[in-house]
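Trainee: Using the sequences and the hints given, assemble the complete structure.
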Amino acid sequence: MAVVEEGAPAPAQQGTVVRAQDVTRRYGEGATAVDALRGVSLEVASGQLVAVMGPSGSGKSTLMHILAGLDKPSSGSVTIAGEEITALPDAKLTRLRRRHIGFVFQFFNLLPMLTAQENIVLPLSIAGEKPEGRWLTELLDSTGLADRATHRPSELSGGQQQRVAIARALISRPTILFADEPTGNLDSKTSGEILELLRHSVEEYGQTIVMVTHEARAAAIADRILFLADGLIVQERQGASAADVLEVMSSLSS
Amino acid sequence: MIGVALKGLLGRKLRAVLTAVSIVLGVAMISGTFVLTDTIKAAFNTVFTQVYKNTDAVITGKSAIGGNANNGVTPPSLPESLLARVRGLPGVSVAEGGISDEGQLVDRNDKVISRGGAPSLAFSVNPKGDQRFNPLVLTGGTWPTGAHEIAIDSKTANSKHFAVGDRIGVLTNGPVERFRIVGTVKFGGLNSLGGATLAIFDLPTAQRIFDKVGKLDSIGIASKPNVSAAQLVAQVSPLLPATAQVRTGEQEAKQAAKDTNSFLTILEYFLLAFGFVALFVGAFVIANTLGITIAQRMRELATLRTLGATRRQVYWSVVLEAFVIGVLASVIGLFLGLGLAKGLNALFVAFGIDLPQVGTVFATRTIVVALLVGIVVTLIAAIRPALRATRVEPIAAVREGALLPRSRFARFGPYIALAVTAFAVGLMLIGLFAGGLSTKLRLLSIGVGALAVFIGVAMLAPTLVPRVARLLGLPAARLGGAAGMLARGNSIRNPSRTASTASALMIGLTLVTLVSVLAAGLKTTFEDSVNKLFTADYALTSENGFNPTSTASEKALHGLPGVEVVSGVRAGSGKVFGKRISVTAVEPDIASVIDVKWTAGGPQTPAELGATGAFVQKSYAEDHHLHVGSPIAMQIPTGPTLRLTLRGVFDPPKGGSPFGDVTISAARFDREYPNPQNLFAFVKTSSGVTDATTAELTRALARFPDAKIQTRAQFIHLQESGINLLLKLLYVLLSLSIIISLFGIVNTLVLTVFERTREIGMLRAVGMTRRQVRNMIRHEAIITALLGATLGIPIGIVLALMVGKAIDYPAFTIPWTTLVVFVIAAILAGLVAAIFPARRAGRLNVLAALQYE
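For the record, the sequence lines run as chains G and R.
Position 74 of the first sequence, counting from 1, maps to 74 under the working numbering, and the rest follow consecutively.
Position 662 of the second sequence, counting from 1, maps to 916 under the working numbering, and the rest follow consecutively.
Keep in mind the hints are simulated off the structure, nothing from the lab.
On a predicted model such as this, the values are computed, not experimentally measured, just so you know.
For each residue, glycine too, the CB sits at the ideal point set by N, CA and C.
Among these hints, one or two may not hold up.
As the list claims (entries may be wrong) - To give an idea of the chain R side of the interface with chain G (calculated C-beta under 8 angstroms), a few residues:
1) Thr557
2) Thr560
3) Ala651
Unchecked claim - According to the in silico footprint, chain R covers these stretches of chain G (three or more CB under 8 angstroms from chain R):
4) 97–105
5) 108–116
6) 121–127
Mentor: If you want it as structure tokens, here you go:
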């Protein structure tokens, strides 16, 4: 069974921030049980953008949920910033989220009654902290939202909403940012802008990102691409063009 | 996080308003009650301080057996000779005597002027004497002097269009007498006397018409300078007979206020009870509305969790939201209460209780209690939804249509519900039947038990709903086409939601049913009693059947052609075996019009009572181990003790009899009691009930405007009118909690429509008309309302049975017609509740609905 890093992993600049070891996830019981993950191990090095690709039902979303501590594996272990999270009680997990994890969702998940800026600083407000002025300005500028800061989500386009969400994920400088189909709900032009923004945050801020996607174009911006099928990592590429990705994908589905 | 909660509230204004309405109404009831009773209390206090403003001491009659006019005992009058002796005392500077009694004014159509069962007060004034004791103020004309002059209160003068110079009738102990109006008056400092009327005469006239020549009802005294009120009282005391008392003006005012306040306190508690029931129902509605809101905000709450919010933060954000709603709703309710107080007063006036008023009193206590209760109830109601919110897992942020995880205890739900219900019933049974409990403890355990029953049944309801709703939805599914079928399905698909919505309605319907069943029992036993006892053709009572009538009106019927028997029953009080009891007196021929069952003595007993005979009812004889020949020593309010001998014992039917605890002969009664009056009189004629006889009797009573001749059926009807009135009042007051539960149905439906936006869009896209969508919502509302009725009515009947058993209630009758009316009313209420949600659902734009995310 092909597991673990085939080929040498990219040299970790500052070490590993996320590590998964033999993760399995089974839904249901008995005859109707479904194995979404059947033993996945991986490491994400700091400053990397890792894309997880696969056809629908491959287990890529489940993998991300487990890596991010939203779901618990049936077996195996996951560590984030050196801390084993699979057995953490809720309070500790919450603290971990505040410090180490940022989220970008497919449907943005902004709070409709808050302005763009209020949404962006929300993770800090929740933690009872004050945003650092320069960092906030930097984020507003780099996301192009400076003149939209006081608008509510309903007054923003889909692309703008997703940029608010990305700024929200970056505001606390998380150890790792999880993006769940970040372009899944956007048109292709806007998708391009969002992908650029994600890439920008890796280049400029050294942000580590794990992105789940089924779009070849999205995967093409990644430093590493993991291909999932039937609950297993079946291939891995250190960077690839969209065409290459498509080729791998079609080989997987055939 | 606080900001998030508050902004979230602003973002969901409609939902916030829907949640708040139930609290607003409940708090308004509480604040309205306080405002109303405080205002009335202040009015009475004003009257009494006015009356005794310049009085240093006051002498009044004192009932030898205790009690006063407030518990139906008329204190005896004072001898007029006392006044001269009081004036002779060294400490007295001025003393004035006066009469106070009751005299009804009669309008131009010979109808008694009576508003809301309020007293018809009559006072004497002494225009030539010192005016310092006179609490009245002339608003027009002059004070009455001489045998044919009267002053009346300006409210009556205005409303009945009497002016100075007009003649007006006054009814006291005999036929109507006419007086010329020379002045109009009012109580100083009072906006309204309520329904009370005033008839003012000079002293000799008052003494004559109230049969108190040579007597006074009170003597007001002002002391000389340097003589304190206490010294004055000490000087006066030795002069007084046993049936008189002297108090300082201040004491007298306090005592008078205390007597009325105790009545008003009962009224206050009575109304507050309805306020608390309303708030209890409101708590159900809030809990349900918040619960649904939480379910709809799952993704939002989950997102907050992924961004690092703790469970505790989520919990407090929900509680904070409820707190803000509670504060706003309570403040609005508090001020709405000011208006509601007017409404309640109007309601009472309509139901015959018209009480005096001063300017509105808005006490600090009202503000504190109303706000506190409103906020606390809201917070308590928020606990469960807030706990549910903490169970939202972060992963719900990325999952479409995630369901709230079941609580760890959910699978024990039905068992806990059963346990709560059993505990509640147990508590009530203890309250109702256990011996040796104080009344307070008893009421507490019944009250808490009843609340727990509601909670228990509400908890059981989700288990029952699917089956019951399927059955109740049958007509909708059969007759309502696709809309009806979907409505039935919808009402079952979230059983706990439907259940708690219906439970709120259940509470109101339970109480309404309880009241109607008890009232029906009371009425049947009363009818049964009258049918057994009433062998006369007619009864003679006052207009309202409750006030006594003069013996003169009875005498007017004696000797009319065809009238065989006219027999009256007098009523008063006495003290026997150290306890105050009701005393009645009968004429010798009473047995031919009232047929009681005798266990000792017999129908001849009333005729053989003589001066010293008495008869009692069976339970009284048993309680005091009396048998024929037993001596009974009965003290009367004027002081003397009558030495009586028991001559007979009768066994009344369960619905009671016209006779009191002890009955003596009318001849003796009339000798001993001042101003004897009839409770009822009964008439037997040779031709029975005919139109001609009725007309003849009515004609003979023309000079007695308050006397009313009635057939047996009319008599029953009149006597029951009191019960019916009380019943209607209770229905109106309980309707508040039903209205609140209707808002609960509105809330649930509005939120459900919101939740199903996409589904409704889909239904419209596949060809459902707006009409069908509206019908679907209506059917759902009706099913919910019927569910409330299905739960509430049976519980109400069972409660009535339990309460009836506990208070040894005479009969248990289920008023089927009334209950059917309740069910129909519930259906109509459901339709009303559906109006707004159905409109919203019908107006949804198909395209927008499908795009909604």
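Trainee: If a hint holds in the structure, say so; if it doesn't, say that too.
Mentor: Status of the hints after comparison with the structure:
no.	hint	in the structure
1	Thr557	holds (4 angstroms)
2	Thr560	holds (5 angstroms)
3	Ala651	holds (6 angstroms)
4	97–105	holds (count 5)
5	108–116	holds (count 5)
6	121–127	holds (count 5)
Comparing the model with each numbered hint stated earlier shows that all of them hold.
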